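A.B. asks: Residue strings, one per chain:
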Amino acid sequence: MPALLQVRDLNVALNNSAVLSGVSFDLEAGSITGLFGESGCGKTTLAQALLNLLPRPQYRVEGSIEFDGRNLLGLSERELQPVRGGRISLMFQDPLLSLNPVQRAYTQVREVARAHHAAAPQLPDVRDAYPHQLSGGERQRVTLSQALACNPALVIADEPFTAVDPARVDELARLFRERQRTMGTAFLVIAHDPAVLESLAGTVLVMYAGRIIERGDPRQVFRDPRHPYTRGLMQCLQPHAPGARLYSIPGNPPGLSARFPGCAFEPRCADRVDACAAGMPAEFALPDSRSVRCLHYER
Amino acid sequence: MSYLGRRLLHSVFILLGVSVLSFLFADLAPGDFYSALRADPRMSPQAVEAMRQRAGANKSFPARYGDWAVSSLHGDFGYSLAFNAPVGPLLWPRLGATLLLTSTATLLAWLAAVPLGVWQASRRNRWSGRAVLTFLLAIPDLLLALGALVLAVESGLFPLGGMVSRGFAEMSSAAQVRDVLRHMALPVSVLALGMLPVLARHVRAAMVEAMDAPFALSARANGIPQARLLLRHVLPAAMHPLIALFGLSLGTLLSASLLVEVVMGWPGLGPLFLEAVTARDFGVVLAVVMLSTTLLVFGNLVADLLLYRADPRIRAK
Amino acid sequence: MSAEPLLRIRGLTKTYGIRDVSMDVAAGATLALIGPSGAGKSTLARCLAGFERADAGEILLDRRSEWPRHEVQMILQQPAASLNPRFTAEEIIAEPLVIQRQGNAASRAKRARELMASLGLDPKAAGAPARAFSGGERQRLAIARALTLEPKLLILDESLASLDLSVQAQIANLLLDLQEQRGLTYILISHDLSLVGRIASEIVVMNNGSIVERRPA
Amino acid sequence: MKLGLAFLIAIHAAVFLAPWLAPYDYAEQHRDFAFAPPSRIHIFDERGSVHRPFVYGVVQDLGSGSYREQRGAAYPIRIFAGGSLVGVDSPGALFLLGSDGFGRDVFSRLLYGARISLLTGLIAAMLSAGIGLLLGTLAGYFRGWVDQSLMRGGELMMALPWLYLLLAVRALLPLHVSTLRTFVLMIVIIGGIGWVRPARLIRAVVLSARESDFVLAARGFGASHFYLLRRHILPFTTGVVVTQATVLIPQYILAEVSLSFLGLGVGEPVPSWGNMLSEGMQYHAMVSHPWLLVPGFATVAILLAYLKVGDALTERTVTY
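Protein chains in written order, with our numbering: chain A, 1 to 299; chain B, 300 to 616; chain C, 617 to 833; chain D, 834 to 1153.
Worth flagging that the hints you see were computed from the coordinates, not collected in a lab.
As the structure is a prediction and not an experimental result, all values here were calculated from the model.
Each hint should be verified, as a subset may be incorrect.
The calculated lysine to any residue pairs, modelled on SDA-like cross-linking and capped at a C-alpha distance of 25 Å, are [said to hold, decoys possible]:
{"id": "1", "chain 1": "D", "residue 1": "Lys835", "chain 2": "A", "residue 2": "Pro267"}
{"id": "2", "chain 1": "D", "residue 1": "Lys1141", "chain 2": "B", "residue 2": "Leu315"}
{"id": "3", "chain 1": "D", "residue 1": "Lys835", "chain 2": "B", "residue 2": "Trp426"}
{"id": "4", "chain 1": "D", "residue 1": "Lys835", "chain 2": "B", "residue 2": "Ile438"}
{"id": "5", "chain 1": "D", "residue 1": "Lys835", "chain 2": "B", "residue 2": "Trp418"}
{"id": "6", "chain 1": "D", "residue 1": "Lys835", "chain 2": "A", "residue 2": "Cys269"}
{"id": "7", "chain 1": "C", "residue 1": "Lys740", "chain 2": "A", "residue 2": "Pro57"}
{"id": "8", "chain 1": "D", "residue 1": "Lys835", "chain 2": "B", "residue 2": "Gly428"}
{"id": "9", "chain 1": "D", "residue 1": "Lys1141", "chain 2": "D", "residue 2": "Ala907"}
{"id": "10", "chain 1": "D", "residue 1": "Lys1141", "chain 2": "B", "residue 2": "Ala430"}
{"id": "11", "chain 1": "B", "residue 1": "Lys358", "chain 2": "B", "residue 2": "Pro414"}
{"id": "12", "chain 1": "D", "residue 1": "Lys1141", "chain 2": "B", "residue 2": "Val497"}
{"id": "13", "chain 1": "C", "residue 1": "Lys740", "chain 2": "A", "residue 2": "Asn15"}
{"id": "14", "chain 1": "D", "residue 1": "Lys1141", "chain 2": "A", "residue 2": "Pro57"}
{"id": "15", "chain 1": "D", "residue 1": "Lys835", "chain 2": "B", "residue 2": "Ala430"}
{"id": "16", "chain 1": "D", "residue 1": "Lys835", "chain 2": "B", "residue 2": "Leu415"}
{"id": "17", "chain 1": "C", "residue 1": "Lys768", "chain 2": "D", "residue 2": "Phe1054"}
{"id": "18", "chain 1": "D", "residue 1": "Lys835", "chain 2": "B", "residue 2": "Pro414"}
{"id": "19", "chain 1": "C", "residue 1": "Lys768", "chain 2": "A", "residue 2": "Ala195"}
{"id": "20", "chain 1": "C", "residue 1": "Lys630", "chain 2": "D", "residue 2": "Asp1046"}
{"id": "21", "chain 1": "C", "residue 1": "Lys726", "chain 2": "D", "residue 2": "Asp980"}
{"id": "22", "chain 1": "D", "residue 1": "Lys835", "chain 2": "B", "residue 2": "Trp409"}
{"id": "23", "chain 1": "C", "residue 1": "Lys768", "chain 2": "D", "residue 2": "Phe975"}
{"id": "24", "chain 1": "C", "residue 1": "Lys740", "chain 2": "A", "residue 2": "Gly251"}
{"id": "25", "chain 1": "D", "residue 1": "Lys1141", "chain 2": "D", "residue 2": "Ser1121"}
{"id": "26", "chain 1": "D", "residue 1": "Lys1141", "chain 2": "B", "residue 2": "Pro392"}
{"id": "27", "chain 1": "D", "residue 1": "Lys1141", "chain 2": "B", "residue 2": "Trp426"}
{"id": "28", "chain 1": "C", "residue 1": "Lys768", "chain 2": "C", "residue 2": "Arg624"}
{"id": "29", "chain 1": "D", "residue 1": "Lys1141", "chain 2": "B", "residue 2": "Leu415"}
{"id": "30", "chain 1": "C", "residue 1": "Lys768", "chain 2": "A", "residue 2": "Pro267"}
{"id": "31", "chain 1": "D", "residue 1": "Lys1141", "chain 2": "B", "residue 2": "Pro414"}
{"id": "32", "chain 1": "D", "residue 1": "Lys835", "chain 2": "B", "residue 2": "Leu315"}
{"id": "33", "chain 1": "D", "residue 1": "Lys1141", "chain 2": "B", "residue 2": "Trp409"}
{"id": "34", "chain 1": "C", "residue 1": "Lys740", "chain 2": "A", "residue 2": "Arg114"}
{"id": "35", "chain 1": "D", "residue 1": "Lys1141", "chain 2": "B", "residue 2": "Ser421"}
{"id": "36", "chain 1": "C", "residue 1": "Lys740", "chain 2": "D", "residue 2": "Leu960"}
{"id": "37", "chain 1": "D", "residue 1": "Lys1141", "chain 2": "B", "residue 2": "Leu436"}
{"id": "38", "chain 1": "C", "residue 1": "Lys740", "chain 2": "A", "residue 2": "Ala244"}
{"id": "39", "chain 1": "C", "residue 1": "Lys630", "chain 2": "D", "residue 2": "Phe975"}
{"id": "40", "chain 1": "C", "residue 1": "Lys740", "chain 2": "A", "residue 2": "Pro267"}
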C-alpha cells in the first residue's frame, strides 16, 4: 500500500534563492513524524508547501506531493479547497495570529466544519469569546479543534510546543497520541526541542539549510546521531561543569541567499573532505531504516 | 458606555474650538463688509457707522461671540449683511439641495467601490483595471464637471444647470420627481465618479492588508472557500480603515460638492458660499464653515460608534 | 566574603517592579537572575543600568553611589533590534566613543577593528551594515559595542535566548573568555536553566519583586 | 515610476524655461485673433513642394466667428527668433494650442500658468512636510504635554472642511493684492492646512525609533537628545517626509487650480491653470473652443505622474 503522503524532490525558491532543496519523504497513515531543525532551516516553508499555500510568483515550487493519488502541486485553488482543512490540516505556530480578531473564536471553528460539511465540535468554554479574550492555552485549543474538526487524515503542527508552558506540552503530546490511536490520524510535528519529539514521534526528519540531512527513529537519531551537524547539536546540549567551555559548532547557520553546490554543512563541518564541497551528497541508508546525507557513510 | 461619552464630549469641544477660532480669524482679518461700503461714494461715512452700530460691530469680542452663539443655537447663525436677512433661513433650502446631491452620489460611489475594491484585491497581480482607476483618480472633479457640461450641450439630453425646470410648481408630483432626477443625473454622476476611485483604492488597500494577515492564510489552509473567505472573513477584518473612511464620507457631505455645484449651477451651499466670500459676508461664511465642521465631527462620531460595534477589541478597552 | 563587593544593593524599591531588594555581587562573578516573567528581573536590571530610577534604596558600585554611566552596560535580548540597521559595524562599535567624544576618527576606527578581531569578527567587514550580519554575529557586535568603554559590570538581559543552539554556545564561550581576560562581572537574566547551570557561578531567584532564594550554581 | 519621474522633471524644466520656450508673453493680446484655433503647421505648400515648417495667416469670418487659412500669406516658423525658442514674424501668429478670448496664446499662458500652479503645489507641500516634520518630531520625541497639545491641535485641523476653510481664509484677506503676495498667501494657506497627516506619520516613526533598543543602548552611553535625534531618529523620517510631500503635491496643485478657478487665486492677466479653465466655463465656450480645456488635461497628466511616483514611493516605504 502506498504511503498517505509522498513528497518527491521538492524544491522551493523564494525570489530565486533556494529555501528547500531535494526534499523527499513519505508519511504513513496513522504515523507521527517529527520535523526537527534550527530557525531558518525551512521547516515552516515546508509545512506551507505541503498544502500548496506558498504565494506565487514570489515562490517557485517544483517536485511532487502525492496525496490520495493526486499531485497537490498540480491542483487548482478550487480543487485544493476540500483537501485543506478537510483531509490535511495545518496548525500555525502562533494561535493568536492565526485567528481572525473580529470573529468569535467558536464561529471560526464552525466555519471550518461548515466548509467541509462536517459537524462542528463542541467547545463550551470559549463559546462567545473573541480570540483576544482567551488565554494562550485556550487559543491553542481553538486552533486544534479547527484542525481536527473534519477528522483529517493528516495534521501538520508547526511548533505547537513553543510558547506553551511545560504542563501543556505533555497534555498536547498525549492528545496527539490519543487521536492517532483512536482515529488513525497521522501527524507531522515541527519542533526544535529534541526531548519532546523523542517521546512523541515514530520517525524524525532532521533539516539543515533546506535539506533533510538525517532521518530515522528519534531515540536512535538523537542518542546516536550520525550526521556531523546532528552530532554537534546534541553535543551542545550535553551537561557541562560550570565555568568549563561549552561545545559549539563553529560558524553560523547559512542565510537564505547562500548557495551550496555541495553539502550545506561543509563550511562548518570538522570532518569535511574535499569531495564534500563538490556535490550534494545523496542519502545513504543505514540499518534500522535510518538514513543520512553525508559522504562519510557512502559505501 | 464611557467610551462613547468621551467621544461625544470630545466632539463638543472640537466644535467649540472651531467656532471660537473661526470667529477670531474673521475678527482679525483686515477689512470687512463695510470697507467696500465706505469706498462707495454714494454712502456717507455716518450711515456706514450707523449700520455698524446696529449690527453690533463695536461690541467686545466675547459679547459678539456670545450673541452669535445664542443666535446659532436658535438656528439663525447670525445676520447676513449682504443678503440683509438672518443666515439660517437662507441656508436651509440650499442645505437640502446639497445633501440631496451629495448623499445620492456618496451612496452610489460606495455601492460601486466596495465590490470593485474587493474584486481588485482578490485579483492581486493579475489585470484588474487598476490603471483605469488611477487614471480616473487623476481627473479632478472640476474637469469632470466641465466635461459633463460639454456632454449636456452636445447631446441635449440633459438640462443645463439648476435643480428644476421652469413651471416646476405646476407639474404633477410624479413629473416633479422625474424633473429633479433629470437635473440630478449629471452632477450626481460627476460627483460619484470623482469619489469612486478614492474609495475603491482604499477598499482595495484595506482588503490587501487583511488578506496578507496570518489569519487569512490560516483560513485558506482550513479550506474556507474563496468567496466566503473574502466576504465573511477578510472583509470584516478590513473594516477598521473603511469605517473611518465612511465617517469622512459622511462628514464631507456638505463640502465635497462645492466645485461641482458652482460649475454645474446646482443651487446648493457652494454657490451661496462663493458669493458670500466675494462679498465678504462673514455671517454666511461662518455659518457654512460651522455647518460643515459639525457634519465632519458628526461623521467622526458615527465612525466611532460603528467601530465600537464592529471591533470587539475596542469594546474590550 | 571578605573582599568588598563590586556591586552592593540595599533596600531597592520601585513601584510595580521590585520591593526591598538587597544583594552583593563580587567582582568577577557571574550571577544569574531567574524567576517567572513579572518577577522584577528586568526592572532591577534597568535600575542598575541607569534607564530607570528607583523610588527608594541605594546602589553602590565600587562604594560609589554615582558612577560614570558606561561602567555598567546592558546587552539586550534582540541583537537585531539593538543595532541601528543604517549603521555599519564600525559605526556601531565606535558609537560610545563618539558620544563620549573620545579620540579622533582614525583612533576610533582602529579601536573598532581591534574589538571586532578580539570578538571573532572579521575586521574586513567593518564597513558592512548591521543587517548583513547573522544573529550570532550581531550579538557579537552588541557585545563589542558594550566593551568599547571598558565597563565593569555587564548585564545580559536574555541576550542568548533568541540565538540558535549551535550559536548560543559560541557566545557563551566568548563571554567566559572575556571574563577571564578582563575580569568582567556578569549579571545574567535568563529563563533557560540549562544555560544558567552551565555558565553562572551563583543563582538568585526572584518572585513578585523580591529575592526569594540565593544559591551557588 | 521612472517614466513618471522623467515626465515630471521634463515638465518642471519646461516651466522653468517658460520665458524662452513660450512664443509670446502671457499678457500679449492679439485683438484680431480671439478664440483662434490651434495653428496648423504645414510643410507642403499648395503646389505640393516641401518647405521648412510654416503657418498660414488666418482671418476670422465675421458671420460665424470661425477662422480660415489664407493660402497667400505663409510665415515660416523661426527658431530662436525674438528671444524665444519658436515664433513667426508679425503679422502672422503661432498659436500652438489656440488663443483665448483676448487673443492671447494658450500655449504660452499654459507654460507661464504652470509656474503658479506647479510651484504652489511644490512649495506648499514642502511647507506642510516641514511643519509636519518639526511638530511630528517634537510630539513623538518629547511625548507628554507637547505631544498631547500638538495632536489635539491636529485633530482640530482635521475636523475642518478644508476647501471651505481655504476659501474662508482667503476671503478674510484682501481680494485685490499683488500677484506675488497672492502667490505667497496661497502657499501659506494651502501648506498651513495640510501638515496634520505628515505630522502624525512622522510622529509614529519617531515614536517607534525612540522606543527602539538601539536608542536605549545609545542612551546607555550617555547620548544627548541632539545626538539621538540627529543620528538615530531623524534619518528614519526621510522616507515618510519624501513620500508625504509627493502625495501632497498633486492635492495642492488641485487646490491651487480650484482656488484660481473660483477667482480667488492670482488675478488677471497673470495666468494659472485654474483661472485659464474658468475662462472656458464663462463663455460656455468649451464646445466651440475645446482648446480652452487644455489646462485641465495638463492637470490630469501632472496629477497622474505624481500619483504614479507617490504610489511607488509609498509601496517602497511600506516594504522597507
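A.B. asks: All hints, please: hold or fail.
C.D. replies: Hint check:
For the hint pairing Lys835/D with Pro267/A, the CA-to-CA distance comes to about 42 Å; that exceeds 25 Å, so the pair is violated. Using a Cα cut-off of 25 Å, the hinted pair Lys1141/D and Leu315/B is violated, with the two alpha carbons roughly 40 Å apart. Proposed proximity of Lys835/D and Trp426/B is supported: the alpha carbons are some 21 Å apart, at most 25 Å. For the hint linking Lys835/D to Ile438/B, the alpha-carbon distance of about 21 Å falls within 25 Å, and the restraint holds.
Only pairs whose Cα atoms come within 25 Å are accepted, and Lys835/D paired with Trp418/B is rejected, the gap being roughly 28 Å. The suggested pairing of Lys835/D with Cys269/A is violated, with an alpha-carbon distance near 47 Å, which exceeds 25 Å. For the proposed pair Lys740/C and Pro57/A, the alpha carbon gap of about 37 Å is over 25 Å, so the pair is violated. About 21 Å separates the Cα atoms of Lys835/D and Gly428/B, which keeps this hinted pair within 25 Å; it holds.
Distance hint between Lys1141/D and Ala907/D is unfulfilled; the C-alpha atoms sit about 43 Å from each other, more than 25 Å. About 10 Å separates the Cα atoms of Lys1141/D and Ala430/B, which keeps this hinted pair within 25 Å; it holds. Among the hinted pairs, Lys358/B with Pro414/B is inconsistent with the structure: their alpha-carbon atoms are about 56 Å apart, more than 25 Å. For a cut-off of 25 Å, the pair hint linking Lys1141/D to Val497/B stands: about 14 Å separates their Cα positions.
Proposed proximity of Lys740/C and Asn15/A is contradicted: the alpha carbons are some 29 Å apart, above 25 Å. Using a Cα cut-off of 25 Å, the hinted pair Lys1141/D and Pro57/A holds, with the two alpha carbons roughly 23 Å apart. For the suggested pair Lys835/D and Ala430/B, the alpha carbons sit about 16 Å apart, so the restraint of at most 25 Å is met. Straight-line distance between C-alpha atoms of Lys835/D and Leu415/B comes to about 28 Å, which puts the hinted pair past the 25 Å bound.
Our distance criterion of 25 Å between C-alpha atoms is met by Lys768/C and Phe1054/D, whose separation comes to about 14 Å. Under the criterion of a C-alpha separation no larger than 25 Å, the hint pairing Lys835/D with Pro414/B is inconsistent with the structure, at around 31 Å. Using a Cα cut-off of 25 Å, the hinted pair Lys768/C and Ala195/A is violated, with the two alpha carbons roughly 38 Å apart. For a cut-off of 25 Å, the pair hint linking Lys630/C to Asp1046/D stands: about 22 Å separates their Cα positions.
Distance restraint check for Lys726/C and Asp980/D: the Cα-Cα separation of roughly 42 Å exceeds the 25 Å cut-off, and the hinted pair is therefore not satisfied. At most 25 Å may separate the alpha-carbon atoms for a hinted pair to count; Lys835/D and Trp409/B exceed this at roughly 33 Å. Straight-line distance between C-alpha atoms of Lys768/C and Phe975/D comes to about 32 Å, which puts the hinted pair past the 25 Å bound. Taking the CA atoms of Lys740/C and Gly251/A, the gap is about 17 Å. The hint holds against a cut of 25 Å.
At roughly 33 Å between alpha-carbon atoms, Lys1141/D and Ser1121/D are farther apart than 25 Å, so this suggested pair is violated. Taken as a hint, the Lys1141/D and Pro392/B pair is broken in the structure, with Cα atoms around 42 Å apart against an allowance of 25 Å. Restraint check for Lys1141/D and Trp426/B: the C-alpha separation of about 17 Å stays at or below 25 Å, so the hint holds. A distance of roughly 14 Å separates the Cα atoms of Lys768/C and Arg624/C; the hinted pair therefore holds under the 25 Å criterion.
This hinted pair checks out: Lys1141/D and Leu415/B have alpha carbons roughly 20 Å apart, not beyond 25 Å. For the given pair, Lys768/C sits about 36 Å from Pro267/A by alpha-carbon distance, which is inconsistent with the 25 Å threshold. Distance hint between Lys1141/D and Pro414/B is fulfilled; the C-alpha atoms sit about 24 Å from each other, no more than 25 Å. Between Lys835/D and Leu315/B, the direct Cα distance comes to roughly 48 Å. Violation of the 25 Å bound is thereby established for this hinted pair.
About 24 Å separates the Cα atoms of Lys1141/D and Trp409/B, which keeps this hinted pair within 25 Å; it holds. Note on Lys740/C and Arg114/A: the hinted pairing is violated, with a Cα-Cα distance of about 60 Å set against a maximum of 25 Å. Restraint check: the Cα-Cα separation between Lys1141/D and Ser421/B comes to about 22 Å, which is no more than 25 Å; the hinted pair holds. With a C-alpha separation of about 44 Å, the suggested pairing of Lys740/C with Leu960/D is violated against the 25 Å cut-off.
Restraint check for Lys1141/D and Leu436/B: the C-alpha separation of about 11 Å stays at or below 25 Å, so the hint holds. For the given pair, Lys740/C sits about 31 Å from Ala244/A by alpha-carbon distance, which is inconsistent with the 25 Å threshold. Using a Cα cut-off of 25 Å, the hinted pair Lys630/C and Phe975/D holds, with the two alpha carbons roughly 23 Å apart. Restraint check: the Cα-Cα separation between Lys740/C and Pro267/A comes to about 19 Å, which is no more than 25 Å; the hinted pair holds.
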